[in-house]
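Work out the full structure: start from the sequences and follow the hints.
Listed below are the residues making up each chain.
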Amino acid sequence: MMAKLMIVDDSNIIRTHIARLMVDTRLPPIEVVGLASDGNKAVEMARTTRPDYITMDLTMPNMDGEACIEQIAGMLPDAKILVVSALSDKATALRAVTKGAHGFLQKPFTDESMVLSLLELMS
Amino acid sequence: MSTYRALTPEDIQVFPEAISTFFERMTRQPARVRTAYMLDQPEAILWNDFNGVIEVSGGFRGSVCFSAPRGLLVEVLSAMGEHEQTDDNFLDVAGEIANILSGRARRHFGESLDIATPVSCQRGDREIPKLAQGPAYAIPHTWGDYEANLVVHLDLIQRR
Numbered sequence: 001m002m003a004k005l006m007i008v009d010d011s012n013i014i015r016t017h018i019a020r021l022m023v024d025t026r027l028p029p030i031e032v033v034g035l036a037s038d039g040n041k042a043v044e045m046a047r048t049t050r051p052d053y054i055t056m057d058l059t060m061p062n063m064d065g066e067a068c069i070e071q072i073a074g075m076l077p078d079a080k081i082l083v084v085s086a087l088s089d090k091a092t093a094l095r096a097v098t099k100g101a102h103g104f105l106q107k108p109f110t111d112e113s114m115v116l117s118l119l120e121l122m123s
Numbered sequence: 001m002s003t004y005r006a007l008t009p010e011d012i013q014v015f016p017e018a019i020s021t022f023f024e025r026m027t028r029q030p031a032r033v034r035t036a037y038m039l040d041q042p043e044a045i046l047w048n049d050f051n052g053v054i055e056v057s058g059g060f061r062g063s064v065c066f067s068a069p070r071g072l073l074v075e076v077l078s079a080m081g082e083h084e085q086t087d088d089n090f091l092d093v094a095g096e097i098a099n100i101l102s103g104r105a106r107r108h109f110g111e112s113l114d115i116a117t118p119v120s121c122q123r124g125d126r127e128i129p130k131l132a133q134g135p136a137y138a139i140p141h142t143w144g145d146y147e148a149n150l151v152v153h154l155d156l157i158q159r160r
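So the protein lines, in turn, are chains P and L.
Positions 1 to 123 (the working numbering) are the ones given, in order, by the first sequence.
Positions 1 to 160 (the working numbering) are the ones given, in order, by the second sequence.
These are computed hints drawn from the structure, not numbers from a lab.
No experiment lies behind these values; they were computed from the predicted model shown.
Some hints here could point you the wrong way.
Residues on chain L that point at chain P, a partial pick, calculated with CB under 10 Å [said to hold, decoys possible]:
{"id": "1", "residue": "28"}
{"id": "2", "residue": "80"}
{"id": "3", "residue": "82"}
{"id": "4", "residue": "104"}
{"id": "5", "residue": "111"}
{"id": "6", "residue": "129"}
{"id": "7", "residue": "133"}
Ranges of calculated distance between the beta carbons of each label pair, as one might list FRET restraints [unchecked claim]:
{"id": "8", "chain 1": "L", "residue 1": "38", "chain 2": "P", "residue 2": "44", "range": "31 to 41 Å"}
{"id": "9", "chain 1": "P", "residue 1": "74", "chain 2": "L", "residue 2": "108", "range": "27 to 37 Å"}
{"id": "10", "chain 1": "P", "residue 1": "50", "chain 2": "L", "residue 2": "37", "range": "31 to 41 Å"}
{"id": "11", "chain 1": "P", "residue 1": "49", "chain 2": "L", "residue 2": "35", "range": "42 to 52 Å"}
{"id": "12", "chain 1": "L", "residue 1": "83", "chain 2": "P", "residue 2": "24", "range": "12 to 22 Å"}
{"id": "13", "chain 1": "L", "residue 1": "117", "chain 2": "P", "residue 2": "97", "range": "41 to 51 Å"}
Coverage of chain P stretches by chain L, computed from C-beta distances (three or more under 8 Å per stretch; other residues unrestricted) [unchecked claim]:
{"id": "14", "segment": "16 to 30"}
{"id": "15", "segment": "62 to 68"}
{"id": "16", "segment": "78 to 90"}
{"id": "17", "segment": "102 to 112"}
Glycine residues also receive a C-beta, built at the ideal position from the N, C-alpha and C atoms.
Quick look at the structure:
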């Protein structure tokens, strides 16, 4: 069965950029099941689409990434969450992992680093 | 007792490095950072078509603004594979760069740097309050045939 990915970022260009990278042949077939621009929309979308993998920005309006990770990790404990954020200090990364994130990729990212981070998340 | 001090060159360097990293990683074409200079009128900092701004407080005061012409952002979006060339997407790029400036500033200056959510705006849509008292530095960047500007106007608290 094809893996399902949800992309959460308040930047439209980052959401679509990540979605375009999913055709990379090194990745297993992935269906992008949702693009969410804030934490509230992401929680609702996760409830209906039940993604296996999620890329998650931290700085977003309405509900921020940390609160969103906590809610989705509680609702979908098997979903793996990759934080993709410009906030790169250790304290932020540690808080995200404590709330349920599985990996951290710093913005700005290269196409290569995104693909490798997702491969690591899926391994 | 505390006073404010102006930025050191090491403090200022954090910001053009963040801009360079953005261009290099997102477009595969690095930006060239040119010589910084002190601005006579720090109020007039949003001089290009699209701008990304962070305002800081919490033991620091001031703002950091990235300012770019439309043509540069058209090329950035193309390099990223984005064909939808709209003002919303140009603002999105400016905002994303401000977001990266914010993250780098937090890492360099520490968590006591209280940064408001980065905002993006078109020229004339917003005024940046003059929060810092020290000098403002303009740091021009060349990317392709275009020039963008970074203006760093920050004071740092100095405890005694």
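Outcome of the hint check:
1. With its C-beta approaching chain P no nearer than about 8 Å, residue 28(L) sits inside the 10 Å limit, and its interface hint holds.
2. Annotation: residue 80(L) was flagged as interfacial toward chain P, and the flag holds, the nearest CB pair being 6 Å apart, inside 10 Å.
3. At about 6 Å, the closest approach between the beta carbon of residue 82(L) and any beta carbon in chain P falls short of 10 Å, and the interface hint on this residue holds.
4. Interface restraint check for residue 104(L): the shortest CB-CB distance to chain P comes to about 7 Å, inside 10 Å, so the restraint holds.
5. Restraint check, residue 111(L) versus chain P: the minimum CB separation of about 6 Å is within 10 Å; hint holds.
6. Evaluation of the residue 129(L) hint against chain P yields a violated restraint, the C-beta minimum of about 21 Å exceeding 10 Å.
7. With a cut of 10 Å, the hint placing residue 133(L) at the interface with chain P is violated, because the nearest CB-to-CB distance is about 28 Å.
8. As the Cβ distance of residue 38(L) to residue 44(P) is approximately 49 Å, the hint placing it in 31 to 41 Å is violated.
9. Taking the beta carbon of each, residue 74(P) and residue 108(L) are about 34 Å apart, inside 27 to 37 Å as hinted.
10. Distance hint check for residue 50(P) and residue 37(L): the Cβ-Cβ separation is about 54 Å, which falls outside the suggested range of 31 to 41 Å.
11. For the pair residue 49(P) and residue 35(L), the supplied restraint of 42 to 52 Å holds, since their beta-carbon distance comes to about 50 Å.
12. Roughly 19 Å separates the CB atoms of residue 83(L) and residue 24(P), a value that falls within the hinted 12 to 22 Å.
13. Judged by the Cβ atoms, the range 41 to 51 Å given for residue 117(L) and residue 97(P) is violated: they are separated by roughly 23 Å.
14. Beta-carbon proximity to chain L at under 8 Å applies to 3 residues in the segment 16 to 30 of chain P; the threshold of 3 is reached and the given coverage holds.
15. Closer than 8 Å: that is the beta-carbon criterion, and the segment 62 to 68 of chain P has 0 residues meeting it against chain L, so the requirement of 3 is violated.
16. Given a C-beta distance limit of less than 8 Å, the hint that chain L covers the segment 78 to 90 of chain P holds, as 5 residues qualify and 3 suffice.
17. Residues of the segment 102 to 112 of chain P with a Cβ under 8 Å from some Cβ of chain L number 5, which satisfies the need for three, so the listed coverage holds.
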